[in-house]
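Undergrad: So you can see what is in the structure, the chains are spelled out below.
There are 2 protein chains.
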Amino acid sequence: MSPLKDRPSTVGYRLEGRIGVLELYFGAGSSAFAALVALEAAGAEYVPHRLDLAAGDQRIPEYLSINPLGRVPALVVDGTSITEISGVLSYISARYPEAALIPARNPIETAKTYEWLSWFSSTFHMYVAQVLRGERFSDDPKVREALKVSGRRNFAAELSRLDKAAEDATNGLIGDNFSIVDAFNLVVWRWSEKLDIETATFPHWARCVRAAFARPFVQRAIACESTTERWHPAHRASA
Amino acid sequence: MSPLKDRPSTVGYRLEGRIGVLELYFGAGSSAFAALVALEAAGAEYVPHRLDLAAGDQRIPEYLSINPLGRVPALVVDGTSITEISGVLSYISARYPEAALIPARNPIETAKTYEWLSWFSSTFHMYVAQVLRGERFSDDPKVREALKVSGRRNFAAELSRLDKAAEDATNGLIGDNFSIVDAFNLVVWRWSEKLDIETATFPHWARCVRAAFARPFVQRAIACESTTERWHPAHRASA
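First to last, the sequence lines map onto chains A and B. Numbered according to this note's numbering, the first sequence spans residues 1 to 239. Numbered according to this note's numbering, the second sequence spans residues 1 to 239.
Honestly, the hints are just simulated from the structure, not real lab data. Be aware that a few hints might be false.
No copy is singled out in the list; a pair is fine if it fits within one copy or between any two copies.
Straight line, CA to CA, 20 Å or less: simulated SDA-like cross-link-like pairs of lysine to any residue [as the list claims (entries may be wrong)]: (1) Lys-194 / Arg-152; (2) Lys-148 / Ala-129; (3) Lys-194 / Ser-30; (4) Lys-164 / Arg-71; (5) Lys-164 / Pro-68; (6) Lys-194 / Asp-163; (7) Lys-164 / Arg-207; (8) Lys-148 / Leu-195; (9) Lys-164 / Cys-224; (10) Lys-142 / Val-131; (11) Lys-194 / Pro-97; (12) Lys-164 / Ser-65; (13) Lys-148 / Arg-230; (14) Lys-194 / Arg-105; (15) Lys-194 / Thr-80; (16) Lys-148 / Gly-134.
Computed from a predicted model, the values in this text were never measured in an experiment.
Start from the sequences and build out the full structure, keeping to the hints where you can.
TA: Here is the structure:
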C-alpha cells in the first residue's frame, strides 16, 4: 500500500487522539515555506514539525512512512498524509475558504491557479534541481557543471516572464487578493536568491515579493521556520 | 501582459462569436492526450486543434499568443487560455461535475488528486525530458547521454511506486471512479513506452492501464488524435 493512496497512513497519529489536528512537516528554507505561509494566512491551528534536511531527517523510516518520496512538505490530516506542494496548498485553501487563498469564483480562476502552481513546480523547480541537486541527474562532475549553467540560465529566462506577469499585479499575482500562488511565489524568490540571480533585474516581481514579505502572516511563517524545535520520532514517543 | 494572467487572451476567438465553446490545442502523442480523454469522458462539446509538434506549429506567433511557453495542451475558454495539464484538467473536471472526474467529496480527496497530478507532471515528466528533450538541458552530447541513462533509471524507479499504488485499484487509481489522475496516467504509460521500459514488469499498473484503454471515451480520444486535421491560423482565417 502506498501512502500516496487516499488512505490513512500508518503514522502514530491516531494513537495520540489528535484527530482533526493539522501537522505540517517542513524543512527551513524549503518549498514547504509556501505551506507555512498559507497556514498562517488562513489563521489555521497546526502543529509544525521541522526536519533538518541537511542531517537527513527526511530519509528516516518514520518520515518515509509519512512521505515515501522523502520530501517536504507533508501535511497530515486525520491520519492521511498529503504531499507535493500543490496538494498541500489545495487542501489548505479548501479547508479555510474564508481566507480566499484560491481565487475560486469560477472554474477558470481555479484552473489558472493550478496552472501557475504547475508552472512554478515543474519548470522553476526543475531548473533549481539542476543547479542545487545535481546528484539526482548524474554522478559525473562535468555533467553536473553543465546542468548548473543551463539550469541557472533557464531559471532567469522564466523570471522574465514572471516579471512581465507581475507588471500589473496589485495585491496578488492572480486575482485580487493574496493567494496560494503568491505563497509559492515567495519560494521562487528564495530559489532565485540561492541561485545568485540578480533579482533587481526583475523590478515588477521584486515589488510584488517585497509587499508579500511585509505581511504579518508571512513574518509569522518566517518566525515559525526558525523557532520550531527539530522534529524527531523519539521526541514524539516521549511527549 | 502575460497570457498566464487571468485575462482574455488576444486570440481571434471572440471575433468568431463562439463564446462558450471550448477549443483544445493538442499534439498527437503528447501529454495533451489526458485533456482529450477528460473532455471525452465528460461528454464535452469542444473543437480540437491538432498541432504538428515535429513541424514546430507550437512555436509560430499565432500559437505563442495562446500559450507563450509554446507547449500543449492549451484550452481556450471564453477567450482565456488555460495551460499546463493540471490547469486544463482542473477546468474540465469543474465544468462537468456530473462526470465526477475529480473525486472531490471532500478537501482531502481533492488535495490527493493534485498531489498525484503534481507527482506525474513534476517527477515523471522531468525524467522524460531528460531522455527525450536533452536539448533543454545541454548542447553537449556527452551530457545528454548521461541524462538519458539517469532519466530512464529514475523513471523506472518511480514506476515501481506506481505499480504498488495500483495494486488495489478498482476502477480508478484514486477514489472509486475514473478520474483525471487516470487520464494523466495514460500519458505516463505512453511515456514509458517511448522510453522502451518493459511495462510487463509492473503488472498491477498494466492491468489498470489496459482497463482504461478499453473504455469507449478513451478510444474516442485516440480516434480524435489521428482524425483531427492539422491546425493552422490560415485555415482559421479562411474558415
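Undergrad: It remains to establish, for every hint, whether it holds in the given structure.
TA: Okay, the hints, checked on the actual structure:
1. Proximity of Lys-194 to Arg-152 under the C-alpha cut-off of 20 Å is restricted to the intra-copy arrangement: shortest distance 10 Å within a copy versus 29 Å between copies.
2. Proximity of Lys-148 and Ala-129 under a CA criterion of 20 Å is satisfied in both settings, with 9 Å inside one chain copy and 16 Å between copies.
3. Taking CA atoms no more than 20 Å apart as the test, Lys-194 paired with Ser-30 passes inside one copy only; the shortest distance there is 11 Å, against 33 Å between copies.
4. Taking identical chains as interchangeable, the C-alpha atoms of Lys-164 and Arg-71 lie at most 20 Å apart only when they sit on different chains, with a minimum of 19 Å there against 31 Å within one chain.
5. Proximity of Lys-164 and Pro-68 under a CA criterion of 20 Å is satisfied inter-copy only: 12 Å between copies versus 38 Å inside one chain copy.
6. Taking the shortest alpha-carbon separations for Lys-194 and Asp-163, only the intra-copy value of 18 Å comes in at or below 20 Å, while the best inter-copy value is 36 Å.
7. Only within a single protomer do Lys-164 and Arg-207 lie at most 20 Å apart by alpha-carbon distance; the minimum there is 12 Å, versus 46 Å between protomers.
8. In this assembly of identical chains, Lys-148 and Leu-195 lie within 20 Å of each other by CA distance solely inside one copy; the values are 9 Å within and 25 Å between copies.
9. For a Cα distance limit of 20 Å, the shortest separation of Lys-164 from Cys-224 qualifies neither inside one copy, at 32 Å, nor across copies, at 36 Å.
10. Taking CA atoms no more than 20 Å apart as the test, Lys-142 paired with Val-131 passes in both settings, with 13 Å inside one copy and 18 Å between copies.
11. With identical chains, the CA atoms of Lys-194 and Pro-97 are never at most 20 Å apart, being 33 Å at best within one copy and 42 Å at best between copies.
12. Taking the closest pair of Cα atoms, Lys-164 and Ser-65 come within 20 Å of each other only across two copies (14 Å); inside a single copy the shortest separation is 42 Å, beyond that limit.
13. Taking CA atoms no more than 20 Å apart as the test, Lys-148 paired with Arg-230 passes in neither setting, with 31 Å inside one copy and 38 Å between copies.
14. Taking the shortest alpha-carbon separations for Lys-194 and Arg-105, neither the intra-copy value of 35 Å nor the inter-copy value of 40 Å comes in at or below 20 Å.
15. Proximity of Lys-194 and Thr-80 under a CA criterion of 20 Å is satisfied in neither setting, with 32 Å inside one chain copy and 34 Å between copies.
16. Proximity of Lys-148 and Gly-134 under a CA criterion of 20 Å is satisfied in both settings, with 8 Å inside one chain copy and 14 Å between copies.
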